Amino acid sequence: MASLLRTAAALAPPPSSARETRRPSCAASFACSRRALASPLRAPPLPGPRRLGPDEAAQFLCRYMRRDGHEGDGRTQGQDEPIMFGPDDDDGAKIPTQVETLVRGTAIVDAPEYKPLPDLDYLQELLAIQQQGPRSIGFFGTRNMGYMHQQLIEILSYAMVITKNHIFTSGASGTNAAVIRGALRAEKPELLTVILPQSLKKQPPESQELLSKVQNLIEKPQYDHLPLIEASRLCNMDIISKVQQVICFAFHDSRLLMETCQEAKNMRKIVTLFYLD
1 MASLLRTAAA
11 LAPPPSSARE
21 TRRPSCAASF
31 ACSRRALASP
41 LRAPPLPGPR
51 RLGPDEAAQF
61 LCRYMRRDGH
71 EGDGRTQGQD
81 EPIMFGPDDD
91 DGAKIPTQVE
101 TLVRGTAIVD
111 APEYKPLPDL
121 DYLQELLAIQ
131 QQGPRSIGFF
141 GTRNMGYMHQ
151 QLIEILSYAM
161 VITKNHIFTS
171 GASGTNAAVI
181 RGALRAEKPE
191 LLTVILPQSL
201 KKQPPESQEL
211 LSKVQNLIEK
221 PQYDHLPLIE
231 ASRLCNMDII
241 SKVQQVICFA
251 FHDSRLLMET
261 CQEAKNMRKI
271 VTLFYLD
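With UniProt numbering applied, the sequence shown corresponds to residues 1 to 277, in that order.
By construction, these hints were calculated from the structure, which means they are not laboratory data. Treat the hints with caution; some may be incorrect.
[Claimed, not checked] The calculated DSBU-like cross-link candidates involving lysine-lysine, where the alpha carbons are at most 35 Å apart (straight line), are: (1) Lys242 x Lys164; (2) Lys269 x Lys201; (3) Lys220 x Lys164; (4) Lys242 x Lys269; (5) Lys188 x Lys202; (6) Lys188 x Lys269; (7) Lys188 x Lys265; (8) Lys220 x Lys188; (9) Lys201 x Lys242; (10) Lys202 x Lys265; (11) Lys202 x Lys242; (12) Lys164 x Lys269; (13) Lys213 x Lys269.
Source: prediction; values computed, not measured.
Please put together the full structure from these sequences, using the hints given.
Listed below in structure tokens is the structure:
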């Protein structure tokens, strides 16, 4: 029995205190922590600045002078020398540096010159002044016109005819009647053409008496079925197509006459507009 007990004791595992590593006490751990905090962390030392050699210093100075414009353009130097190119350094227009701007000014950059479009109306009027010889002129105007205005228009029409200009107008009262009277006073009936918006019988009786004295009278019976405003618009377009210049007497609210003048401008005619208000 005793031998069995000795054998069991020999085969039994060692106690836990013998197998485990001995842990340090709390006092020892606190002392180690204080020593770790007391010692500062030190980074590894950085390498010191490297001194440039003579050749490297010359290349650096050359790059600096080319960048700030102290020398000529880098493209003109030898190809074996180092050249620094910027993002805007290409084969196109060279942007000046600050030094070039101060010395030469900003005029070295070729900026596109703004050229405004010529005034077409002004050129047409200038060409009409320079032209020698008579012109064909269309007269338009309102019916609601005073006696003094009609006298002025009559004198203007008379002056245009005696200077051998061909007058075109319509057959309504007011402006058209004054134009016809002035042209008839010049005693050159071949230089007056009256185009009616409709047939002669559709005109007022007082207009028919004056129109009977006109040699070149053109009627438009095909427009008799149309309202007078539509027939007058078509008649005005016909007159514009036959003349070089338009003279109009109107109020600002004369819609048909404003449309006629705008259409004449669109057809590149010289338009002279007189407002009565």
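Practice problem: List in ascending order the numbers of the hints, as given earlier, that are violated by the structure. | Solution: none
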